[in-house]
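*Asks:* Kindly produce the complete structure, drawing on both the sequences and the hints.
Number of protein chains: 2
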Amino acid sequence: MNYEKFIQEQIAYIKKTVGKEKAINALSGGVDSSVVTVLGHRAIGQQLKTIFVDNALMRKDEPERVVGIFTRLGINVELVNARKEFLTALAGITDPEHKRQAITDTFYSKLFSRLVKESGAKFLLHGTILTDIEETTAGIKRQHNILSQLGIDTEAAYGYSVIEPLKTLRKDGVREVARMLDLPAELTERIPFPGPALAARIVGEVTAERLDIVRAATVIVEEELADSGAFQYLAVLLNDRATGIRNNKREFGHIIVVRCIESTDARTATATQLPWEKLNSICERITRIKGVNRCLYDLTPKPPATVEYV
Amino acid sequence: MNYEKFIQEQIAYIKKTVGKEKAINALSGGVDSSVVTVLGHRAIGQQLKTIFVDNALMRKDEPERVVGIFTRLGINVELVNARKEFLTALAGITDPEHKRQAITDTFYSKLFSRLVKESGAKFLLHGTILTDIEETTAGIKRQHNILSQLGIDTEAAYGYSVIEPLKTLRKDGVREVARMLDLPAELTERIPFPGPALAARIVGEVTAERLDIVRAATVIVEEELADSGAFQYLAVLLNDRATGIRNNKREFGHIIVVRCIESTDARTATATQLPWEKLNSICERITRIKGVNRCLYDLTPKPPATVEYV
Numbered sequence: 001m002n003y004e005k006f007i008q009e010q011i012a013y014i015k016k017t018v019g020k021e022k023a024i025n026a027l028s029g030g031v032d033s034s035v036v037t038v039l040g041h042r043a044i045g046q047q048l049k050t051i052f053v054d055n056a057l058m059r060k061d062e063p064e065r066v067v068g069i070f071t072r073l074g075i076n077v078e079l080v081n082a083r084k085e086f087l088t089a090l091a092g093i094t095d096p097e098h099k100r101q102a103i104t105d106t107f108y109s110k111l112f113s114r115l116v117k118e119s120g121a122k123f124l125l126h127g128t129i130l131t132d133i134e135e136t137t138a139g140i141k142r143q144h145n146i147l148s149q150l151g152i153d154t155e156a157a158y159g160y161s162v163i164e165p166l167k168t169l170r171k172d173g174v175r176e177v178a179r180m181l182d183l184p185a186e187l188t189e190r191i192p193f194p195g196p197a198l199a200a201r202i203v204g205e206v207t208a209e210r211l212d213i214v215r216a217a218t219v220i221v222e223e224e225l226a227d228s229g230a231f232q233y234l235a236v237l238l239n240d241r242a243t244g245i246r247n248n249k250r251e252f253g254h255i256i257v258v259r260c261i262e263s264t265d266a267r268t269a270t271a272t273q274l275p276w277e278k279l280n281s282i283c284e285r286i287t288r289i290k291g292v293n294r295c296l297y298d299l300t301p302k303p304p305a306t307v308e309y310v
Numbered sequence: 001m002n003y004e005k006f007i008q009e010q011i012a013y014i015k016k017t018v019g020k021e022k023a024i025n026a027l028s029g030g031v032d033s034s035v036v037t038v039l040g041h042r043a044i045g046q047q048l049k050t051i052f053v054d055n056a057l058m059r060k061d062e063p064e065r066v067v068g069i070f071t072r073l074g075i076n077v078e079l080v081n082a083r084k085e086f087l088t089a090l091a092g093i094t095d096p097e098h099k100r101q102a103i104t105d106t107f108y109s110k111l112f113s114r115l116v117k118e119s120g121a122k123f124l125l126h127g128t129i130l131t132d133i134e135e136t137t138a139g140i141k142r143q144h145n146i147l148s149q150l151g152i153d154t155e156a157a158y159g160y161s162v163i164e165p166l167k168t169l170r171k172d173g174v175r176e177v178a179r180m181l182d183l184p185a186e187l188t189e190r191i192p193f194p195g196p197a198l199a200a201r202i203v204g205e206v207t208a209e210r211l212d213i214v215r216a217a218t219v220i221v222e223e224e225l226a227d228s229g230a231f232q233y234l235a236v237l238l239n240d241r242a243t244g245i246r247n248n249k250r251e252f253g254h255i256i257v258v259r260c261i262e263s264t265d266a267r268t269a270t271a272t273q274l275p276w277e278k279l280n281s282i283c284e285r286i287t288r289i290k291g292v293n294r295c296l297y298d299l300t301p302k303p304p305a306t307v308e309y310v
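Protein chains in written order, with this note's numbering: chain A, 1 to 310; chain B, 1 to 310.
The hints are simulated quantities; they were obtained by calculation from the structure and are not laboratory data. Beta carbons are placed, not taken as given, at the ideal position from N, Cα and C, and that holds for glycine. Warning: the hint list may mix true and false statements.
[Stated by the list, open to error] Here are the simulated SDA-like cross-link-like pairs (lysine to any residue), alpha carbons at most 20 Å apart as the crow flies:
1) B:K302 - A:S281
2) B:K302 - A:N280
3) B:K110 - B:E135
4) A:K302 - B:K302
[Stated by the list, open to error] Cβ-to-Cβ under 7 Å is the rule here; a few derived chain A residues that face chain B:
5) T272
6) Q273
7) P275
8) G291
9) C295
10) L296
11) P303
12) P304
[Stated by the list, open to error] Footprint (simulated), chain B over chain A, 3 or more residues, beta carbon under 8 Å:
13) 242-254
14) 278-284
*Replies:* As structure tokens, this is what we get:
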């Protein structure tokens, strides 16, 4: 594929579609939404408002870090604190589909439609990629960012039209485009991170306390595996607990699963054959997180497992 | 320790204690209860009645296999089918302590006290070892077979006295004794298996269907790791489920944890550093069990984890 031509075509397409109107987009810090942000700003400059929603589900220091990167690129990003809204919407929910639905509803129906209204934008730029569409239409998993493919008329429902410049690309294509747009390696080489963020890394209820546990585990896994060359690595907090023994007393503790995979496009994957020294050092650090007494490594390829648990 | 002398002392002790009365013991097929069975029969012969209770929690073909071994040793074992009693007692219970309690109650208060009464036995021979006593009194885990240490007066409560010939030994000592008693390697070298059997390998409710899943996983793990030289290896069925993908469709599947440890006496343990080829072959077979789409390997040493989950 000629990515230089792809970039020019998408910039022209966005410019022509938006015309003299305003557009808005939400940046998550992932490579998809980062590329859309840069394409959009190259196409329509100040007509595009980019927001970053702190939904309480982000990794440690992530909101400030991502906003800082774009500030240095000359792109202004508005940080919206919506932590309380999301935590309230997620309270008591354990079913994975309901969890995704609560995040989608809070984001689109409540928060984003209000932000769009306030901004006066008529267009939403969205980082949907081909794999999102395929997995959603195949019924494998409901990606939070698929709307028109599910028959939702965004213009009628939310008052804006959706522009999806990346919907013909897979993850490797998006990374190519990101590099050609001179995005920093911190973004272009960033491992994939799911739309529902750390909520996708919690089996069972998402609470501030449980987010803290999986956030601490995520810091450890990302530090330990940054040099692994793996396609993606993550930590999952299970809902189950297991018997353990600490200071000679019985303890009923949390279980963290570490997943690290080899893949080219996330459609299929295999577990990375990490060295035992690395596995042991990850386990040792993770079982020092308060209340955690088990660390498991996921051996399963995709299929039959998916990359995420929720 | 002089194990030859230990054996002679225990045989004399059992003979003297039981006198002209009858005794009974329950054989599980583990090395502890197997040694007690042989010591008891050498001490008092036909005065000892040995039963094997099929509690529905056993591994595949285990009841028939164990009874067959003792028949070949010239020791008669009565196989008691109590599958329904145990499954009924366990229905709806998810708390690990309540699960152990339900098994203890069903075994001692109901089934065994009836069997003792029918047999006219005044003594129960029991395979308690030192580690069981230590872990129970330390409050780490309630071993199902500790009675007097918990202050239960078995004579008043159940009508019999308990004789514990192995209560000064740890697992390695029991194995030494087993070898000197010429027990077959199938029993002496058998990996440890918990009192609550496969119920200790199920997080959440114990049902016939869930037992079938963990039983199938146990066959695979024991076949694959028989030559590993590890101290113990096991499969655990979690209560949590995870998203997967099978025949291009979303599937919400079961999760099996494989645990394999190095240890000398079960007081401390580390995860065995299995070759990746072995881990992958175990995972491949386990995810072919109907409804299972994840296979995890437990990296955690003891402490902070215990060997079992329940």
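*Asks:* Examine the region 242-254 of chain A: at least three residues should have C-beta closer than 8 Å to a C-beta of chain B.
*Replies:* As far as the region 242-254 of chain A goes, the hint holds, because 11 residues have Cβ atoms under 8 Å from chain B.
*Asks:* Given a cut of 7 Å on the nearest C-beta pair, is the interface hint for G291 of chain A held or broken against chain B?
*Replies:* Violated: closest Cβ of chain B sits about 10 Å from G291 of chain A, beyond 7 Å.
*Asks:* Against chain B, is P304 of chain A within 7 Å by beta-carbon distance?
*Replies:* Interface hint status for P304 of chain A: holds (4 Å vs cutoff 7 Å).
*Asks:* Examine the region 278-284 of chain A for residues whose CB is less than 8 Å from any CB of chain B, and state whether their number is three or more.
*Replies:* Per the Cβ count (4), the hint holds.
*Asks:* Report holds or violated for the interface hint on P275 of chain A, using the least CB-CB distance to chain B and a cut-off of 7 Å.
*Replies:* violated, 10 Å
*Asks:* Holds or violated: are the alpha carbons of K302 of chain B and N280 of chain A at most 20 Å from each other?
*Replies:* Distance ~13 Å between K302 of chain B and N280 of chain A Cα, so the pair holds.
*Asks:* Can you verify the interface hint for L296 of chain A: is its Cβ closer than 7 Å to any Cβ in chain B?
*Replies:* Holds - the Cβ of L296 of chain A comes within 7 Å of chain B, reaching about 4 Å at its closest.
*Asks:* Sort out whether K302 of chain B lies within 20 Å of K302 of chain A, counting only the CA atoms.
*Replies:* violated, 31 Å
*Asks:* Would the hint on T272 of chain A stand, with a C-beta cut-off of 7 Å toward chain B?
*Replies:* Interface hint status for T272 of chain A: violated (10 Å vs cutoff 7 Å).
*Asks:* Can the restraint linking K302 of chain B and S281 of chain A be considered satisfied, given a maximum Cα separation of 20 Å?
*Replies:* holds, 15 Å
*Asks:* Mind checking the alpha carbons of K110 of chain B and E135 of chain B for me, to see if they're no more than 20 Å apart?
*Replies:* violated, 25 Å
*Asks:* Would you settle whether the hint for P303 of chain A is holds or violated, based on the nearest Cβ-Cβ distance to chain B being less than 7 Å?
*Replies:* holds, 5 Å
Figure legend: structure checked against the earlier numbered hints; hints not met, in rising order: 3, 4, 5, 7 and 8.
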